[in-house]
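Visitor: Residue numbers (this note's numbering), protein chains in the order written: chain A, 2 to 653; chain B, 41 to 317; chain C, 36 to 292.
The set of hints was computed from the structure by calculation and includes no laboratory data. Hints are supplied without guarantee of correctness; some may be wrong.
Pairs of lysine-lysine residues, derived as DSS-like cross-links and limited to a Cα-Cα distance of at most 27 Å, are as follows [stated by the list, open to error]: (1) B:LYS49 <-> C:LYS205; (2) A:LYS372 <-> C:LYS182; (3) A:LYS545 <-> C:LYS127; (4) C:LYS41 <-> B:LYS49; (5) A:LYS341 <-> A:LYS22; (6) A:LYS37 <-> A:LYS22; (7) A:LYS26 <-> A:LYS528; (8) C:LYS182 <-> A:LYS545; (9) A:LYS653 <-> A:LYS637; (10) C:LYS182 <-> A:LYS507; (11) C:LYS46 <-> B:LYS49; (12) A:LYS612 <-> A:LYS596; (13) A:LYS523 <-> A:LYS637; (14) A:LYS507 <-> A:LYS631; (15) C:LYS239 <-> A:LYS186; (16) B:LYS191 <-> B:LYS49; (17) C:LYS285 <-> C:LYS239; (18) A:LYS254 <-> A:LYS653; (19) B:LYS49 <-> C:LYS286; (20) A:LYS523 <-> A:LYS341; (21) A:LYS497 <-> C:LYS46; (22) A:LYS596 <-> A:LYS300; (23) C:LYS37 <-> C:LYS182; (24) A:LYS511 <-> A:LYS545.
Here are the in silico distance ranges between beta carbons for each label pair [to be verified]: (25) B:SER43 <-> C:PRO181: 29 to 37 Å; (26) A:ASN6 <-> C:PRO284: 50 to 58 Å; (27) C:LYS41 <-> A:ALA550: 27 to 35 Å; (28) C:PRO143 <-> A:ASP477: 52 to 60 Å; (29) B:GLY75 <-> C:LYS286: 46 to 54 Å; (30) C:ARG232 <-> B:ALA119: 29 to 37 Å; (31) A:ASN597 <-> C:GLN61: 50 to 58 Å; (32) B:ILE113 <-> A:ALA550: 35 to 43 Å; (33) A:GLN153 <-> B:PRO130: 55 to 63 Å.
By construction, the Cβ of each residue, glycine as well, lies at the ideal position given by its N, Cα and C atoms.
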Amino acid sequence: MATLNSNVPVGPLAQKWEKHKFSNKLINPANKRKYKIIVVGAGLAGSSAAASLAELGYEVHNFVFHDSPRRAHSVAAQGGINAAKNYQNDNDSVYRLFYDTIKGGDFRSREANVYRLAEVSANIIDQCVAQGVPFAREYGGLLDNRSFGGAQVSRTFYARGQTGQQLLLGAYSALCRNIANGGVKSYTHSEMLDLVVVDGHAKGIIVRNLQSGEISRHNADAVVLATGGYGNVFNLSTYARGSNATAIWRAYKRGACFGNPCYTQIHPTCIPVSGDYQSKLTLMSESLRNDGRIWVPKKKEDCRRNPAEIPEADRDYYLERLYGAFGNLAPRDIASRAAKTVCDEGRGVGETGLGVYLDFSDAIQRLGEGKIRERYGNLFAMYHEITNEDAYRTPMRIYPAVHYTMGGLWVDYNLMSNLPGLFVLGEANFSDHGANRLGASALMQGLADGYFVLPATISGYLATQKPDKRPGTDHDSFQQAEENVQGVTRRLLGNKGTRTPASFHKQLGKLLWEHCGMARNKAGLEKGIQLIGELRADYWKNVKVAGEAGEWNQSLELAGRVADFLELGELLCRDALHREESCGGHFREEYQYTKNDAEVQQGLVNPGDVKRRDDQFAYVAAWEYAGEGKPPVLNKEPLVYEEVKMSTRSYK
Amino acid sequence: MNSMISFFKSSLGKKYLMAVTGILLFLFLIGHLIGNLQIFGPPELINQYAHFLHSKPLLVWGARLGLLLIVGIHISTAAQLTRENRQARPVAYAVPPVYGSSWQSRYMLVSGLVILAFIVYHLAHFTALLPGINGVGDFRRLETTLPGGEKGRDVYAMVVLGFQVWWVALFYLVAQGLLFVHLGHGLASMFQSLGFRNHVWAPRIAWFARGASTALLIGYAAIPAAIYLRLIGASHAEKAKHQLAVSPAGPRMFSIQTALSPLEADLSAETGKEAAK
Amino acid sequence: MKVTLKVWRQKNRHTPGHFASYQTPQLNPNMSFLEMLDVVNEDLASRGEEPIAFDHDCREGICGTCSLVINGKPHGPHRGVATCQTYLRSFKDGDEIIVEPFRARAFPLVKDLVVDRQAFDRIQHAGGFITVRTGSPPDANAIPVPKESADLAMDAAQCIGCGACVAACKNASAMLFVAAKVSHLGLLPQGQPERYRRVQAMVKQMDAEGFGACTVTGSCEAVCPKEITLDFIARMNRDYGVALLRGAPKKIAGGGA
Chain A
2 MATLNSNVPV GPLAQKWEKH KFSNKLINPA NKRKYKIIVV GAGLAGSSAA
52 ASLAELGYEV HNFVFHDSPR RAHSVAAQGG INAAKNYQND NDSVYRLFYD
102 TIKGGDFRSR EANVYRLAEV SANIIDQCVA QGVPFAREYG GLLDNRSFGG
152 AQVSRTFYAR GQTGQQLLLG AYSALCRNIA NGGVKSYTHS EMLDLVVVDG
202 HAKGIIVRNL QSGEISRHNA DAVVLATGGY GNVFNLSTYA RGSNATAIWR
252 AYKRGACFGN PCYTQIHPTC IPVSGDYQSK LTLMSESLRN DGRIWVPKKK
302 EDCRRNPAEI PEADRDYYLE RLYGAFGNLA PRDIASRAAK TVCDEGRGVG
352 ETGLGVYLDF SDAIQRLGEG KIRERYGNLF AMYHEITNED AYRTPMRIYP
402 AVHYTMGGLW VDYNLMSNLP GLFVLGEANF SDHGANRLGA SALMQGLADG
452 YFVLPATISG YLATQKPDKR PGTDHDSFQQ AEENVQGVTR RLLGNKGTRT
502 PASFHKQLGK LLWEHCGMAR NKAGLEKGIQ LIGELRADYW KNVKVAGEAG
552 EWNQSLELAG RVADFLELGE LLCRDALHRE ESCGGHFREE YQYTKNDAEV
602 QQGLVNPGDV KRRDDQFAYV AAWEYAGEGK PPVLNKEPLV YEEVKMSTRS
652 YK
Chain B
41 MNSMISFFKS SLGKKYLMAV TGILLFLFLI GHLIGNLQIF GPPELINQYA
91 HFLHSKPLLV WGARLGLLLI VGIHISTAAQ LTRENRQARP VAYAVPPVYG
141 SSWQSRYMLV SGLVILAFIV YHLAHFTALL PGINGVGDFR RLETTLPGGE
191 KGRDVYAMVV LGFQVWWVAL FYLVAQGLLF VHLGHGLASM FQSLGFRNHV
241 WAPRIAWFAR GASTALLIGY AAIPAAIYLR LIGASHAEKA KHQLAVSPAG
291 PRMFSIQTAL SPLEADLSAE TGKEAAK
Chain C
36 MKVTLKVWRQ KNRHTPGHFA SYQTPQLNPN MSFLEMLDVV NEDLASRGEE
86 PIAFDHDCRE GICGTCSLVI NGKPHGPHRG VATCQTYLRS FKDGDEIIVE
136 PFRARAFPLV KDLVVDRQAF DRIQHAGGFI TVRTGSPPDA NAIPVPKESA
186 DLAMDAAQCI GCGACVAACK NASAMLFVAA KVSHLGLLPQ GQPERYRRVQ
236 AMVKQMDAEG FGACTVTGSC EAVCPKEITL DFIARMNRDY GVALLRGAPK
286 KIAGGGA
């Protein structure tokens with residue numbers, strides 16, 4: 002059993018971070034350069050961490066599998082970044098952002114972490130503006146804000162439809178500066194394939210150079226993983242094709258606990274799947290829900306009709322019907338599940354029957370096409386590009402898609418995993434979003450971790466390590482880890498199968514979506530676990546990987562990643578199976594409100610809403626690897642709420 | 041000084057050089073055209089103008105050397121840039137690019153080289169007065185009496201006789217056409233290279249480039265065209281022609297060396313004095 | 036629909052490359068160009084042939100990873116999109132489509148259609164940043180930025196660093212990329228202190244990488260997936276000229292304790 006100590010400091014919530022920073026040990030400036038830190042990943046969390054650590058004086062080595070550190074999938078976030086600046090004077094505050102995030106996460110996140118996130122959120126905006134991030138501004142030259150993802154205050158900062166890209170370019174520029182002045186050594190086209198653990202501490206990684214295929218060992222005093230989420234386990238998702246879980250999965254297999262893998266977020270406004278060839282799903286900014294109305298026909302027979310011909314009386318604006326106050330702006334998980342429900346009833350639209358209308362005709366009538374074009378022109382153009390349909394004339398079709406994973410490697414308040422020396426940032430960790438993430442909060446968390454949290458907390462660990470005493474790469478653990486990597490590569494390339502890795506990935510994705518997608522149940526999950534096991538066995542028997550080890554080989558890269566997904570997928574199902582409640586993005590059909598529940602009768606929730614079981618499941622499930630073929634061990638970190646009271650999440 | 045050198049060694053600095061020399065050459069083209077358009081007046085007008093210029097050797101030589109330097113910088117910088125630009129893409133595409141750029145911009149090198157060849161010819165034609173390349177005879181024999189009573193070159197006759205030859209007129213027209221192409225792109229991009237362009241000025245600059253290059257084309261082409269079509273000077277040329285047959289200069293006519301001697305060339309060149317463009 | 040692909044195949048930069056022709060399996064016009072390559076690759080792999088290497092990641096036109104010159108045009112036939120946003124409905128059944136890598140000395144080939152664009156990163160290292168330590172900035176609203184400047188800076192900042200401008204330019208010039216980066220920071224008040232140092236350093240590195248010069252042909256803006264304009268190149272040229280006039284900074288004598 003792993004020891005999970007959240008290391009949350011004692012004291013009043015609002016003073017915890019201040020106090021913790023004060024009580025954390027410091028490193029003498031002259032000694033800092035004697036510590037070498039490996040940062041894997043260069044998205045928002047990785048770039049900002051690498052740059053900030055180098056500025057403090059540590060020797061930082063940064064690894065990315067992309068050709069450039071600026072390409073991580075953080076770039077794809079469109080909508081914006083939240084911060085408790087209260088520039089709009091609309092009664093926002095650190096406490097409100099904290100509370101919204103806790104409530105949005107369905108009371109499954111760690112209170113102190115969330116409060117700290119809200120606290121440092123304002124500093125992020127300062128930092129980014131100073132770096133030259135061109136946030137939207139008003140004519141007076143001050144920053145503009147908008148309300149986003151159902152928030153009732155305007156606290157979202159944005160840069161056209163490219164907030165993620167602009168923030169990443171800001172962090173990348175900080176990284177560039179530190180590369181230029183020697184603080185960071187950058188390794189591009191370099192994929193981490195294993196974690197090296199020496200005497201129970203993370204002390205290095207094994208890396209494959211994607212251009213040459215060369216395998217190399219890198220030692221360090223601490224290893225930081227900022228490698229993003231694992232949503233591509235579903236194959237079809239809004240993730241970049243290259244996004245993968247290999248780094249965190251190898252860390253898991255080296256002893257780091259995996260927290261809440263079943264918390265996956267499904268984004269409601271994506272373009273529906275059009276065919277079997279599809280490689281990815283495209284998300285359209287949630288801001289569309291500000292002016293679009295979501296509906297499906299009331300009658301199944303109408304589903305194939307031209308939407309313009311369906312009379313108003315025969316349309317079901319189901320979100321407005323069910324969630325009056327929030328209506329079309331209901332939180333992501335609720336909007337997504339509602340779409341699934343109506344499609345399951347056979348009222349979905351489009352070729353596949355898996356789609357709902359997002360209709361702008363009312364808004365166009367009210368505001369004029371010009372105004373809509375001004376607000377969403379780029380999104381309408383993107384929709385047109387992909388579907389060849391003109392959304393000014395006919396409603397868009399949307400369907401939910403996997404978008405974010407709240408789960409990830411378990412970390413304590415210092416962002417250190419149960420493996421000492423291993424730190425995990427951004428989407429790769431489990432920490433701040435609970436069971437559901439609010440819109441515009443992913444960017445906030447990535448940058449908070451990288452700019453402000455890790456640089457303050459990492460010294461606490463490093464102070465326990467003697468400077469300049471890290472183990473050399475000739476240590477047995479490095480030898481063993483490299484052999485492990487070489488072994489996997491040999492096994493994959495040597496396999497005499499007939500099927501491509503991509504075809505297995507597709508099959509795994511379908512299987513997971515079906516058995517562990519938007520709505521889950523016991524029988525389905527058990528079936529899923531069994532099927533994934535069979536698929537995994539089939540993989541090692543029948544996979545065929547083209548090319549050689551010592552060259553650019555995208556088939557080999559994918560093969561390794563799919564092998565890890567095949568294991569992770571099972572853990573995801575196991576976690577979903579054990580969590581016999583519904584919360585946020587995790588919906589167990591057995592645990593939902595019905596009309597007999599008091600909360601429904603009081604008008605707090607709708608029948609079909611998620612039903613938490615706080616008495617039994619108010620904990621973080623941290624899964625621990627127990628060895629090949631053995632079921633993982635469940636560790637529990639109880640969630641203690643000192644400040645807020647767990648309540649029913651009501652969006653009525 | 042070091043910063044100056046590194047500036048002009050950089051790709052941007054070289055483009056500055058191209059633009060600055062380009063502007064100077066453009067200004068010269070305007071001045072040269074104004075002088076040449078006097079051909080449309082009575083013969084004395086341009087002959088007197090030529091005589092005036094030749095009475096100021098310092099001015100003329102200063103201008104010539106200046107132009108030579110400017111043209112030299114323009115061409116050598118272009119050559120360096122071309123070499124570097126070619127090295128930047130060692131492997132060519134299978135499908136030639138077919139988009140975006142104006143066609144003029146893709147022919148700067150070709151148009152520039154033809155114009156260079158033309159300049160050499162133009163200097164030999166009207167400045168050095170090399171016989172044997174003009175298809176008529178020895179222009180140095182053409183003399184006239186200026187209104188002041190002095191003797192001087194009959195530049196008017198020289199030009200008219202020169203452009204009555206079909207292939208000479210045609211070559212001038214072709215070169216002027218290519219100059220139009222060269223300027224059509226060059227005039228717009230020198231503003232770009234020097235940084236004087238934004239979304240407001242970009243269309244205005246485009247209009248200017250189009251207008252100025254067209255005006256120069258019309259102005260310059262009008263001269264050989266009008267002469268070849270016998271619209272001007274035919275009768276004067278007819279009268280002057282007999283001088284080509286009689287040789288007051290005697291054996292000089294065959295001495296190319298003499299013709300090329302700088303002072304001689306200077307004194308004999310009339311319209312062609314600033315021929316470099 | 037079906038098309039014939041004529042694709043550049045090259046094992047690595049040390050061995051010569053060649054074009055190879057492939058008849059695609061049945062395709063759907065709603066497929067993206069990259070999904071078509073996926074399908075072709077699955078087909079090749081199942082027949083024991085090596086798949087075509089090509090760069091891609093986000094597949095939504097924002098990461099700048101995908102490249103490809105399709106029938107002579109970087110990022111395919113349409114303006115304002117990347118290859119990953121190009122759909123087969125832009126082609127006809129039976130078409131022959133020629134696919135080449137980005138070609139430039141500064142972008143050495145890795146394999147088939149993949150090139151190495153780290154030259155762009157090195158240009159950024161030279162000066163593509165504002166020196167601001169984490170934690171040191173003033174309040175975000177302390178320095179007002181005129182909306183016009185912020186909007187123009189955003190126009191430039193949209194650059195995704197894909198390198199199509201280099202691929203399209205007859206001189207393989209990186210001017211549009213560098214100009215976008217220089218202008219983005221140079222337009223904002225935060226970028227002023229390093230404005231002239233930045234443009235000099237980045238241009239120097241650009242030249243050192245072996246990109247060509249700008250001939251103002253406009254091919255770059257014609258293929259830019261973010262439709263960044265030549266105006267930014269003029270802006271960079273202007274800044275570069277001003278930097279010359281300002282001269283090198285005065286040396287500070289001696290050092291303090």
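Visitor: If any of the earlier hints don't hold here, list their numbers in rising order.
Guide: Structure breaks hints 3, 4, 5, 7, 8, 9, 10, 11, 16, 18, 23, 28 and 32.
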